[in-house]
Amino acid sequence: MNWDANRPFPIPVIAESTGNDSQHRGDTDEPWYAEPEEPIQGVDDVILVASGKGGVGKSTVTVNLACALRRQGMRVGILDADLYGPSITRMLGVNVGLDRDDNGMTLPAENHDIYAVSIANVVPPEAALSWKGPLVAQTLVQMFREVVWPDLDILLVDLPPGTGDVQLTILEQVPVSGVVIVTTPQQLALVDAERGIALFHELDIPVFGIIENMDRYVCPCCGEEQALFPVGGAKSLASRKHVAYLGGIPLDPAGQDAADRGQPLVISNDQGKAATAFTNLAGQVAKAVERERLYRERDADTSLREDHEAFWERLLD
Amino acid sequence: MSMNQATMDSTELENAVMSVLQTVSDRPDGPDIVSTGQVFDVVATDGAVRVLLDQERINEQDQQTLAEFITPLVESVPGVQRAVIKPRPRSVALRQKLPGIAHVVGVHSGKGGVGKSTVAVNLAVTLAAKGLKVGLLDADVYGPSVPTLLGKSGRASTTDDGDRVQPFIAHGVKFMSLGLLLPAGQALMWRGSLVDQGLPQLFTDVDWGELDLLLIDLPPGTSDVHLASARQVALSGIITVTAPGQVSIDDVRRGMEMFADLAVPCLGVVENMAGVSCRQCGHIGSVFGEGGGVQLTEQMGIPLLASIPFEPDVAHHSDKGVPLVSVSQDTLFTRLYSNIAAQLTLLLGLPRTQGAEDASLTN
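Chains A and B, in that order, give the protein sequences. Letter 254 of the first sequence, counting from 1, is numbered 254 in our numbering, and no numbers are missing. Letter 162 of the second sequence, counting from 1, is numbered 162 in our numbering, and no numbers are missing.
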């Protein structure tokens with residue numbers, strides 16, 4: 001890894017949390033959740049990639065989805081919000097330090113025409129921080145708002161597993177257009193995915209749907225497809241929670257190697273079954289984003305709302 | 001071979017850095033910062049060098065200045081790719097022991113989904129089958145998996161005297177999980193500060209009784225939960241679980257580094273999910289990468305406790321709540337776990353049962 005210590009991110013490597021714990025809304029009776037209003041400069045839609053359980057392939061899905069969306073003509077960025085186990089730099093092949101512009105704002109790294117920022121660009125593994133809550137919040141806000149994002153249609157946010165500080169901070173601080181949930185077919189992962197969906201529903205964040213990763217294994221030798229895990233769980237979770245099932249992604253043994261080399265499957269093996277699955281997925285996500293934009297415009301269009309109100313008034317008269 | 005090579009190079013690099021630091025002094029004609037003990041140690045892995053400072057021997061206002069001064073010096077030593085200046089490892093544990101519990105060991109990985117819980121559960125069941133008194137604490141507050149893996153659900157109950165939580169027992173293992181204290185399907189939104197309040201109760205308010213070993217299934221990453229766990233009790237060590245791919249290794253190194261900073265030793269590495277064999281042609285595909293576990297142990301000089309293949313049966317049994325080691329006998333899978341158990345017994349000096357000795361002979 002080409003770590004350049006001369007290009008510090010605006011957070012110190014040896015950092016102690018200085019925040020006041022009473023700022024943690026969990027400690028007070030006030031409702032902690034308020035709709036964030038300030039948009040992210042340069043970004044049209046912020047989409048979260050979430051899962052309850054770890055290791056189900058959030059980062060792999062994020063990187064490949066980004067590349068597939070790019071191929072469909074969208075301008076895409078990735079924010080690696082997994083402060084605890086950042087993977088995006090390696091998977092996208094952007095193991096570099098970050099530059100800053102004249103105003104001290106951080107410039108994102110770029111590869112495969114995808115712009116990305118990750119904590120791994122900034123803090124070398126030897127510095128291993130354990131992330132206390134206030135430091136998490138401060139760092140995330142910097143990653144969203146002190147980075148010069150080029151004009152992006154979509155900023156994908158790769159979340160850490162679970163429903164902890166990172167998730168809560170982002171939902172508090174950043175306007176989110178929607179979320180896709182990644183799971184594997186195991187019961188173990190589905191239970192945690194359900195907890196995740198419950199959180200987003202509770203906060204009124206649109207859940208675009210569930211992606212079932214590793215739904216089958218394709219032998220690289222003979223092409224035989226076999227299920228590694230019991231099947232059907234993700235579809236039934238989707239129908240139970242009234243969210244879309246966006247499709248399954250097969251486990252491709254070439255995927256790990258591709259990820260280790262920073263060459264996502266969508267690029268390195270664009271005719272493969274996994275790449276095809278990601279392409280379909282990107283189409284669905286693009287549609288969901290479009291739909292969400294229409295809703296937003298309709299809500300923003302006051303004349304429409306007035307018409308709507310007038311209609312109800314007439315009806316009531 | 002390559003391990004010796006790597007160790008040699010690291011030692012040379014450490015010595016070279018040390019001799020540069022011996023030329024630095026914090027006042028004119030004063031003793032150098034190494035002989036004053038201000039530099040506690042230098043640790044190198046590959047080209048990455050950590051200079052560990054003893055904070056107690058350096059004035060607080062001088063620490064940043066000293067770090068800024070020695071960073072370029074260390075980086076100018078040939079072979080150094082990057083330098084990190086940080087405080088010497090220091091335990092944050094509030095107590096040495098939990099009453100009645102001989103050893104507490106964390107099962108950890110930097111990356112999620114590499115099989116921490118599966119390893120923790122199967123290891124606990126293996127140790128219990130050898131006659132040890134084993135407890136398992138599921139500290140994954142955001143995605144508790146142990147109840148599913150051990151096939152128990154429902155709500156935890158209190159003890160007869162009413163002021164402690166009764167652990168569940170399955171396959172000879174006493175266990176407790178946050179999953180048993182919460183309604184299913186409800187998201188747990190724990191701020192770090194709540195973790196600090198809630199987690200201690202899992203350590204102190206559960207009626208564990210006498211235990212030879214308490215395993216803690218930690219969440220992935222390097223978060224509040226890890227710090228809070230290390231604070232609750234002086235851990236005898238951690239077992240690091242990793243998948244063989246580079247992406248997992250990257251994250252795992254961050255996790256190991258954090259525990260090293262907290263003066264918690266790493267007892268060994270378990271490499272999980274190495275290879276799937278095709279049912280049609282028998283071809284073995286390395287689905288989650290190759291060789292990472294060996295690479296990690298060579299870099300860090302830590303034993304590889306096992307390399308466990310990906311076994312679709314594991315997932316099927318896990319979903320049913322039956323740990324695979326409890327149903328299969330003398331398969332590669334059970335032998336690997338017996339082996340880990342035997343090594344752990346030796347490392348920690350656990351009571352040696354007949355079963356444990358058998359396993360160490362097969363090693």
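Everything labelled a hint here was simulated from the structure, so no lab data went into it. Each hint should be verified, as a subset may be incorrect.
[Claimed, not checked] Quick list of the computed label-pair ranges, beta carbon to beta carbon:
(1) A:293 - B:161: 58 to 64 angstroms
(2) B:328 - A:231: 53 to 59 angstroms
(3) A:113 - B:35: 53 to 59 angstroms
(4) B:316 - A:100: 32 to 38 angstroms
(5) B:46 - A:204: 55 to 61 angstroms
(6) A:38 - B:11: 49 to 55 angstroms
(7) A:269 - B:204: 36 to 42 angstroms
(8) A:100 - B:100: 19 to 25 angstroms
(9) B:205 - A:150: 24 to 30 angstroms
(10) A:204 - B:55: 54 to 60 angstroms
Just so you know, even glycine gets a beta-carbon here, dropped at the ideal spot from N, CA and C.
Each hint, compared with the structure:
1. A:293 - B:161: 58 to 64 angstroms: holds, 60 angstroms
2. B:328 - A:231: 53 to 59 angstroms: Once the Cβ atoms are compared, 23 angstroms apart, the range 53 to 59 angstroms for residue 231 of chain A and residue 328 of chain B is violated.
3. A:113 - B:35: 53 to 59 angstroms: Hint holds: Cβ distance 54 angstroms, inside 53 to 59 angstroms.
4. B:316 - A:100: 32 to 38 angstroms: violated, 51 angstroms
5. B:46 - A:204: 55 to 61 angstroms: violated, 48 angstroms
6. A:38 - B:11: 49 to 55 angstroms: holds, 52 angstroms
7. A:269 - B:204: 36 to 42 angstroms: violated, 52 angstroms
8. A:100 - B:100: 19 to 25 angstroms: With Cβ atoms ~55 angstroms apart, the hint is violated.
9. B:205 - A:150: 24 to 30 angstroms: violated, 52 angstroms
10. A:204 - B:55: 54 to 60 angstroms: Violated, since residue 204 of chain A and residue 55 of chain B (Cβ atoms, about 47 angstroms apart) do not stay within the stated range.
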